[in-house]
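S.K.: First residue of the sequence shown? That's 0 in numbering that gives the first Met the number 0, and the numbers climb one at a time after it.
The hints are simulated quantities; they were obtained by calculation from the structure and are not laboratory data.
In this text the structure is predicted, and so the values were computed from the model without any measurement.
Any given hint could turn out to be false.
Under the rule of at most 30 Å between Cα atoms (straight-line distance), these lysine-lysine pairs were calculated in the DSSO-like manner [unchecked claim]:
(1) K60 x K106
(2) K28 x K270
(3) K94 x K270
(4) K60 x K41
(5) K221 x K299
(6) K93 x K106
(7) K98 x K28
(8) K246 x K326
(9) K294 x K28
(10) K106 x K141
(11) K60 x K326
(12) K340 x K94
(13) K94 x K60
(14) K270 x K60
(15) K2 x K41
(16) K174 x K270
(17) K340 x K2
(18) K174 x K326
(19) K178 x K106
(20) K28 x K41
(21) K2 x K60
(22) K129 x K106
(23) K69 x K98
(24) K246 x K221
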Amino acid sequence: MAKLPDHVGIDFGTHSVKAVELSGISTNKPTLVNLGSQVTPKGVINSEDIADQKKLADVLKRLYDASAIKNRQVVMALPEFSVFTRFFELPGVKKEELKEAVYYEAKQYIPLPLNEVQLDYVPIGFNTEKNAPRVLVVAAAKKVVNIYVNIAAQAGLDLLSIETESVAMGRAMYKSTGKNTLVMLDFGANSTDMSIISEGYLVFSQSIAIGSDSLTQAVVNKFNLDTQRAEEFKRNYGLVDNVLEGKILSVLTPIIESILVEVRRGVEFFKSRTLSIAPTDYVLSGDGALLPGLKEYVAKSLNANVMIAMPWNNIIIDKRFEDIAMKGAPSYSVAIGLALKDE
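I would like the entire structure built from these sequences, with the hints used as guidance.
M.R.: Written out as structure tokens, the structure reads:
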């Protein structure tokens, strides 16, 4: 594979679009060149409507102007909920037969005709006991991929590559923690994305259709507050049990538990498919990772070692960027991972 030049990683979130530009991405300590963030217009993510795509392209233009980013070469991520990811073991399949075998297996699981998807796979080792190559298959509807190709073109950007949020996240987490076996939970507005990295490879990924906005709405419903006030209560008190008589905790706990039920199921599926021991290290990222008490709650509920993502570790940051980079640092994980992609 050809090496990528230094570029800008662009992460499209429900509430914000984030961009990160690094230099020296193949070195031990890349340098932050620039970064920026802009509010995402409501309802435009993955929209096939030309007007919505123009809105996102205009957001990118404003982001570039406001942050004075000069580099027009970019790598973007597809939202995890729009991507199909599956781990396969293919007993008895030889190297020269791998491509055909992958397509045959994928055809049985992907819920779209293969001529309507962009499909790729990555070899991720070999199970010697089963004489089986292991691969990770990633597929996305061509119409979704085309949305982001169109957005980049309208914004005047040179799109070098598109990948999944979970792959980008794994790259950022390995760079920042040095750990190559992790469970990653990315708490977004509308969903929580769960990914498992084993021995440096992404082996499992799923999007859980519950996110931070569900927590806010629960506070709205319980206390009859407006959305802004409910968001403040959530962000200030979260899952802490000794404030407001634990009232916010009692409202949020059932929703968090619903997420963790799906996380446990994901871990069990991973164990059954790979016959491997599940990782005990968890990392929380995204805006929602900063919910007070979340780290402690997840650690206790899952009996796991849990950390909040600090994706800027091992990246050189000039003082003029420190405040903006560190404020909400976990939410930059995907954009950093995209900026770190070197091939």
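S.K.: Check each numbered hint from earlier against the structure, then list the numbers of those it violates in ascending order.
M.R.: 1, 2, 7, 13, 14, 15, 19, 20, 23
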